[in-house]
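**Q** As a plain string of letters, each chain reads:
Protein chains: 2
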Amino acid sequence: MSINYKGFEACEGGVCAAKGFKASGIHCGIRKNKDKKDLALIYSEKICSAAAVYTQNKVKGAPLIVTKRNLENGKAQAVICNSGNANTCNADGEQKAITMCKLTASALGIKASDVVVASTGVIGQILPIEPIADNMNKLAKALCENGNLDAAEAIMTTDTVKKEFAVEFKLGDTVCKLGGMAKGSGMIHPNMATMLCFLTTDVDISDKLLAKALKAVVDDTFNMVSVDGDTSTNDNCVILASGLSGNKHISEPDSEDYKTFVNALYVVLMNLSRMIAADGEGATKLLECVVTGACDVKNAKTVAKSVITSSLFKCAMFGKDANWGRILCAIGYSEAKLNINGVEVILSSKAGSVQVCKDGFGVEFSEEKALKILSEDEIKIIVNLSDGDAKAVAWGCDLTYDYVKINGDYRT
Amino acid sequence: MSINYKGFEACEGGVCAAKGFKASGIHCGIRKNKDKKDLALIYSEKICSAAAVYTQNKVKGAPLIVTKRNLENGKAQAVICNSGNANTCNADGEQKAITMCKLTASALGIKASDVVVASTGVIGQILPIEPIADNMNKLAKALCENGNLDAAEAIMTTDTVKKEFAVEFKLGDTVCKLGGMAKGSGMIHPNMATMLCFLTTDVDISDKLLAKALKAVVDDTFNMVSVDGDTSTNDNCVILASGLSGNKHISEPDSEDYKTFVNALYVVLMNLSRMIAADGEGATKLLECVVTGACDVKNAKTVAKSVITSSLFKCAMFGKDANWGRILCAIGYSEAKLNINGVEVILSSKAGSVQVCKDGFGVEFSEEKALKILSEDEIKIIVNLSDGDAKAVAWGCDLTYDYVKINGDYRT
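Quick note, the sequences are listed as chains Y and G, same order.
So the first sequence is numbered by the working numbering: it starts at 1 and just counts up by one.
So the second sequence is numbered by the working numbering: it starts at 1 and just counts up by one.
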């Protein structure tokens, strides 16, 4: 699934790839299942520049409110995150989130206001603080330079795979790293940061530019992912930059180094986005909608998101059916400006490509070939609007029996 | 499911309830299954005032383009509609729709420009005109005053039940009737007319006021229904008014008679809306979200639609799970203006009511009682925003294995 761009080598280590970062993940007892880790910690030996983007949902998890306050000065040194409980819509939520920061700070010998706090899980159930308090020292002691996988596991909810990605690249002659971990996989829909993602880098960069880069890249990656159209209350994406790589401090948005950093961030977030879409609740297929020939990027994004979000289209992909009328339908009800008589649609995968629609009308194609193409587990839907040069990509997944099972039938 | 309002008595007859209307429905051969009717006709002995609303999808079915043109003069005398093929995204679509009007006109001895034409079914497959041409005289001959159920059956696609409703009411001392038939059940989402609906009445009313009434009532009924978030390319809602009841001609929007007519229209469309939602593809439950205490109607509608559209919430209802966090989540990501700390949520059905959230936070409730309430097949979700006096209702259904089966797994 990983895509390498020239000059950006995928590397091991996730959130521990960059210099100065350690991580850990343990079972503390928020979840009943003892085999399921439920508490993650990331720690930087040096205070970091930090930036974040938050859900646009008007119902915001209590941890987000506390994190936003702690990041006002653009600095952070640790991330604490539990799974199994979202600590949202609870009257005591904010107080509990503050307590989580204090416990973390005390165990690490840092300031509580330098801690990023996050929670993910069920909404509206009181968060038990005891398991966290009782196990904080154990969690801090477990910190190590290859604790990235433990941490990535501890933030999972209905995810079926751990999601991490890291790249190595050069700024001038200095080797730098940027890595991250993320969790999906339901309540995912484009609208700012739509899941939890924690990123670390050893690049030396101003917190202002760090925030600018994060916002720009999230708009093109996480905000282009949809699993089910539901924008969660708790999701956010945080980046910590330790500056330990020794590169020349980045403070100019026009500099080559800044552009390189943005590209590195894009490679990491694009790969994590694809992992989240592919591991969408119940998904059997990763869907990638590439819109070309749009009059501007906004319209391209609108069309790509509309296709990837259509329940009918998602069901057709599950059924391996080249029912392209549903793609046209989703293009048509999007808010994009477009001339439907210019629309071309191509379905593509490892098994080949087939044009199914041209000039807004159906064309003859081999159903047999289409079935072969759609039997692969990564499907690309290419929509050419014949209306300009702008382009966008969105990622999603098919809608399956298991999505319904996971979200509706979990009582049985 | 029917709700009677004082002065509006539900009555038999569907599109044949009003004076002067006949209908028929036959199998002509567009569908392979000979047991499935696929061609419907409605005929008025007198030329009617007529009005329509159309899908907002930029991909519009060819029949809609022809119907819009034919209704420019506000007059119509017949409706021809096939199922099994949407006649959309085909290069010859418009020509075929014109031919359908000509064939109908010739069989009935009326003008082709007085025919409303509609098609529903798969998008992007060439419509075979021969079955329609060969059977038009048979269809016209079958017209009768109790052909309403045949017609209602012939426009069904994945619908599992015929949908018709009619009311009797008085304008002054004159008894009038208004009835209609509709088809659902996938590709349904609030955005103007979101499915096919044909209405007939014997009320004497100007075509201008007929259009005004239809637009207003559709906004509060069909546009508040969502099955899957997909707005179809072909859907529209047409009303024919023969004027044969003998009431005093309605031409003033401030008149009592106009208000009574709007109410009659509301009763019919609200009942058809509930039928469409309850028969949503794969649905096991009708969901009705009632939003009260909003600062204005627009915000109330936005919140009601957002709740009813959430895949996660729809799955929870299928699973009979009082997972109210998903309701809060859907309220929060709606575009409505609201103070989340004022939100109260009550779940209700024949089996009782339970408050699950107050002031934006969870409250303790009996899971056992909630399960009993959610085990009914009609669930009401009452959301009080504590922010004003405005109110809105939206209708939807749960998301089930069968939705996926119908739309994804139909090859097997």
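There could be a bad hint or two in this list.
In this list, chains with the same sequence are indistinguishable; a pair is considered to hold if it fits within one copy or across any two.
As the list claims (entries may be wrong) - Here are the simulated lysine-lysine pairs, DSS-like style, with alpha carbons at most 25 Å apart:
#1 LYS405 to LYS68
#2 LYS34 to LYS372
#3 LYS208 to LYS138
#4 LYS141 to LYS215
#5 LYS58 to LYS298
#6 LYS36 to LYS58
#7 LYS141 to LYS208
#8 LYS58 to LYS337
#9 LYS369 to LYS350
#10 LYS298 to LYS248
#11 LYS58 to LYS141
#12 LYS60 to LYS358
#13 LYS391 to LYS259
#14 LYS60 to LYS248
#15 LYS405 to LYS369
#16 LYS212 to LYS138
#17 LYS6 to LYS60
In case anyone wonders, no lab produced these hints; they're calculated from the structure.
**Q** So, for every hint listed, does it hold in this structure?
**A** Comparing the hints with the structure gives:
1. LYS405 to LYS68: neither (35 Å within a copy, 43 Å between copies)
2. LYS34 to LYS372: Intra 43 Å, inter 32 Å, cutoff 25 Å: neither.
3. LYS208 to LYS138: neither (35 Å within a copy, 75 Å between copies)
4. LYS141 to LYS215: neither (33 Å within a copy, 66 Å between copies)
5. LYS58 to LYS298: both (24 Å within a copy, 17 Å between copies)
6. LYS36 to LYS58: neither (30 Å within a copy, 48 Å between copies)
7. LYS141 to LYS208: neither (33 Å within a copy, 77 Å between copies)
8. LYS58 to LYS337: between (28 Å within a copy, 9 Å between copies)
9. LYS369 to LYS350: For LYS369 and LYS350, the Cα distance is within 25 Å only inside one copy (12 Å; across copies 52 Å).
10. LYS298 to LYS248: Close neither inside one copy (35 Å) nor across copies (53 Å); limit 25 Å.
11. LYS58 to LYS141: neither (37 Å within a copy, 59 Å between copies)
12. LYS60 to LYS358: Between copies, since 16 Å is at most 25 Å while 44 Å is not.
13. LYS391 to LYS259: within (20 Å within a copy, 50 Å between copies)
14. LYS60 to LYS248: neither (37 Å within a copy, 57 Å between copies)
15. LYS405 to LYS369: Close across copies (23 Å), not inside one copy (31 Å); limit 25 Å.
16. LYS212 to LYS138: neither (36 Å within a copy, 69 Å between copies)
17. LYS6 to LYS60: neither (39 Å within a copy, 44 Å between copies)
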